[in-house]
Amino acid sequence: MAKGKEAQEEIPAMQRYFDNMWLLLIVSTLILAISYVGWGVWEALNVPAK
Amino acid sequence: MSEEEKFEPRGTLALVFIFFTLFVLLYILNWIWLSGVWELS
Amino acid sequence: MSVVPPERVWWTEKIPKEEKTWITIAIIWGIVMFIMMPLWHVVGKQNPSTESYTTTPAEFMKEADAFIAKYKVGAEKGVAVVEPPVGSDIYMVAQQWNWYPVLKLKKGATYRLHLSSLDMLHGFSLYPMSTNFMVVPNYDYVITITPTETGDYHVVCNEFCGLGHQMMVGKIIVE
Amino acid sequence: MDKDFRKCPITGFKIHLPAETLIKINGVTAIVALLIGGIMALLVALTRWETIHLLAPLDYYMFLTLHGWNMLGFWIIFFEVAILYFAGAVMLNNRLAAPKFGWLAYVLMLAGALITNITVLTNPAKNAIMFTSYVPLQAAPLYYLGVILFAVGALVAVLLFLATLYIAKKEKTYEGSLPLVVFGALAAAIIAVGTLLFGAVALAPTLLWSLGLTPTWDALSYRIIFWAFGHASQQINVTAMIAIWYLLAYLTVGGTTINEKFSRIAFVLYILFINIASAHHILVDPGVTTAWKIWNTSYAMYAAVLASLMHAFAVPGAIEVALRKKGYTRGLFEWLWKAPWSNPAFSALILSILTFGLLGGITGVLAGTEQLNIRVHNTISITGHFHGTVAAGTTLAFMGITYYVLPLIFRREVVAKTLAVYQPWFFGIGISMVSLGMMAAGLYGIPRRHADVTGFGGAPFAFDFDPTGFLFISIMGIGALLAAIGGALYCLIAVGTLLKGKKL
Chain A
342 MAKGKEAQEE IPAMQRYFDN MWLLLIVSTL ILAISYVGWG VWEALNVPAK
Chain P
3 MSEEEKFEPR GTLALVFIFF TLFVLLYILN WIWLSGVWEL S
Chain D
4 MSVVPPERVW WTEKIPKEEK TWITIAIIWG IVMFIMMPLW HVVGKQNPST ESYTTTPAEF
64 MKEADAFIAK YKVGAEKGVA VVEPPVGSDI YMVAQQWNWY PVLKLKKGAT YRLHLSSLDM
124 LHGFSLYPMS TNFMVVPNYD YVITITPTET GDYHVVCNEF CGLGHQMMVG KIIVE
Chain X
425 MDKDFRKCPI TGFKIHLPAE TLIKINGVTA IVALLIGGIM ALLVALTRWE TIHLLAPLDY
485 YMFLTLHGWN MLGFWIIFFE VAILYFAGAV MLNNRLAAPK FGWLAYVLML AGALITNITV
545 LTNPAKNAIM FTSYVPLQAA PLYYLGVILF AVGALVAVLL FLATLYIAKK EKTYEGSLPL
605 VVFGALAAAI IAVGTLLFGA VALAPTLLWS LGLTPTWDAL SYRIIFWAFG HASQQINVTA
665 MIAIWYLLAY LTVGGTTINE KFSRIAFVLY ILFINIASAH HILVDPGVTT AWKIWNTSYA
725 MYAAVLASLM HAFAVPGAIE VALRKKGYTR GLFEWLWKAP WSNPAFSALI LSILTFGLLG
785 GITGVLAGTE QLNIRVHNTI SITGHFHGTV AAGTTLAFMG ITYYVLPLIF RREVVAKTLA
845 VYQPWFFGIG ISMVSLGMMA AGLYGIPRRH ADVTGFGGAP FAFDFDPTGF LFISIMGIGA
905 LLAAIGGALY CLIAVGTLLK GKKL
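Protein chains in written order, with the numbering used here: chain A, 342 to 391; chain P, 3 to 43; chain D, 4 to 178; chain X, 425 to 928.
Keep in mind the hints are simulated off the structure, nothing from the lab.
Treat the hints loosely; a few may be bogus.
Pairs of lysine to any residue residues, derived as SDA-like cross-links and limited to a Cα-Cα distance of at most 25 Å, are as follows [as the list claims (entries may be wrong)]:
id, chain 1, residue 1, chain 2, residue 2
1, D, K109, D, V35
2, X, K438, X, S645
3, D, K23, X, T753
4, D, K23, X, L756
Keep in mind the model is a prediction, meaning the values are calculated, not measured.
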């Protein structure tokens with residue numbers, strides 16, 4: 342479906358990131374692991390004693 | 003109306019606005035309901 | 004088409020004006036909702052407490068029993084009724100399957116309510132206006148409360164805590 | 425053409441036969457789980473409907489535990505595995521990377537599902553600890569083993585899907601970027617990897633603990649890690665459902681997203697931010713700070729809500745533009761009135777969008793706001809919220825796609841076409857009443873997971889809830905009956921088609 346002119350056009354960087362499933366997989370899992378699980382469990386384990 | 007405008011999703015835009023209005027109303031209503039409980043901090 | 008690969012370069016496609024309008028509204032709405040939460044901590048009077056301490060069931064029970072012995076004014080249905088002074092630290096203990104003691108509070112007075120469990124997770128749910136907090140064993144959760152209406156209130160357990168879960172009801176009296 | 429493939433005469437897709445067999449077996453197992461979970465749903469609903477109050481507490485907790493697992497776990501995830509194989513193999517004219525691993529995944533998941541059901545049914549007093557399985561409640565080791573086997577099986581299936589995408593790119597079965605629907609399925613799979621990993625982190629130690637090998641562990645940390653599995657697994661459902669929305673918009677009216685970039689950005693926002701919203705469950709807990717709560721429950725400043733709002737525009741927009749191009753251009757809504765309502769897949773799609781957005785989506789954002797959560801946490805409102813998202817939204821979307829899977833993959837003509845036209849309406853209206861009834865009842869303080877909200881098992885401080893709450897509970901009960909009819913019709917039509925449908 343590509344038009345003649347577009348065929349030579351370079352693929353934009355963002356599109357290449359979107360097409361990279363391993364990159365998406367790693368970033369997604371890291372955000373969950375750090376922002377939610379890591380930060381949350383760290384706080385739960387550092388509750389002060391009275 | 004131009005030929006192109008005929009195929010624009012104007013109906014969908016109207017529908018999502020109705021949805022959005024409901025969303026905002028319920029959001030405000032919930033804060034009002036919250037104000038009725040004991041003071042907590 | 005959604006079921007075949009898109010054009011070779013799709014990132015540079017222009018987003019039509021209906022979608023732009025919608026996305027702008029959605030972003031603004033997201034920011035408004037985000038700001039509401041910190042804002043309510045400043046202007047609002049109903050915020051979940053974050054004051055909590057580690058404890059143990061034995062330690063918490065000891066503190067609660069001392070509290071009950073000190074301020075006990077009677078008993079209702081076999082459960083101690085406690086009338087603590089205004090502004091003091093008050094305790095409510097959750098265990099399979101009851102809440103104790105019965106608290107007698109003053110309208111408009113502020114108390115520091117200590118919540119913890121001696122066994123499972125429990126859910127503190129105040130009826131009638133549905134105010135809910137989690138009660139977690141080994142954590143002393145301190146919530147600063149100010150009752151705003153007089154009356155008899157009930158505390159239901161709303162986290163499944165074993166087969167007698169449905170029998171777990173406590174009471175708070177506000178005068 | 426290779427002997428392992430057939431060409432679909434309708435869509436032109438090259439279908440990998442081992443993949444097709446796996447799609448069929450996972451799909452059929454999903455429907456069996458739906459049937460079992462559905463019977464349990466009816467028993468549970470008739471107990472909560474106080475005018476009937478069918479079951480004694482022990483039976484209620486047993487069926488509630490299994491209703492949760494069979495619906496949220498087994499029905500949805502078996503169906504999603506079928507979708508992943510369809511997206512990765514069929515839609516890319518590709519082979520499934522390693523069908524043997526597909527069978528391994530299936531056997532593990534099936535064994536897990538059976539073990540979980542059997543352990544709870546045979547010893548409910550010990551093992552009916554609910555879907556959440558919160559420590560320090562302790563079940564027998566086999567219960568945790570069942571759950572872990574299921575999760576590991578699902579993880580194998582997801583990795584097989586990723587491997588299948590990898591070989592599709594390597595063997596050049598498609599050019600450039602993935603088709604949007606496959607990209608949506610990929611988003612669901614990516615979300616599933618993190619989810620299932622944390623499922624293992626939460627539940628594997630509980631297995632060791634129930635075997636007596638380790639001491640009990642922190643109830644709060646368990647809650648935090650469990651919800652990285654418990655709620656994030658529902659985000660897999662949301663994302664898979666939206667991929668199915670795009671597929672159904674194409675199959676029913678030929679609709680396609682108005683802008684690829686717009687829809688893909690929305691999927692990537694899901695991939696990045698939707699999972700951290702699991703913090704919605706920890707808003708009224710001790711031990712975590714306001715900053716953690718606000719940042720995570722806002723999905724990083726509502727980025728994932730933005731994504732849902734974008735899809736909520738893109739999918740109906742796709743349908744509208746397609747129908748306008750068919751000539752329904754008068755006014756704002758001619759396309760809507762003249763849409764193919766007699767196609768059950770189309771009505772299921774529209775009902776899915778409406779129920780997910782209006783019932784599940786809005787209430788999810790409300791209940792997930794730090795302060796607003798104080799009023800509804802663990803009340804039956806929360807149950808109402810996820811009966812709007814997953815029981816209504818996801819289930820309706822999966823029901824809709826079934827009407828295409830039956831002829832295209834099972835190659836059978838759908839039986840009882842007239843009944844099929846009404847099926848999504850019965851289910852959709854019924855489950856909406858369930859959802860709305862629960863949400864309203866919860867505002868009166870009626871708790872979820874409670875066997876006796878009228879008598880409290882004779883507790884000394886028993887009291888009466890506001891009767892208005894019970895009015896809404898009755899609406900839930902009537903809705904549950906309607907939804908049960910819709911669900912039973914769906915199972916009947918699907919099974920009837922498999923057994924009696926004309927071969928295509």
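Numbers of unmet hints, in rising order: 1 and 2
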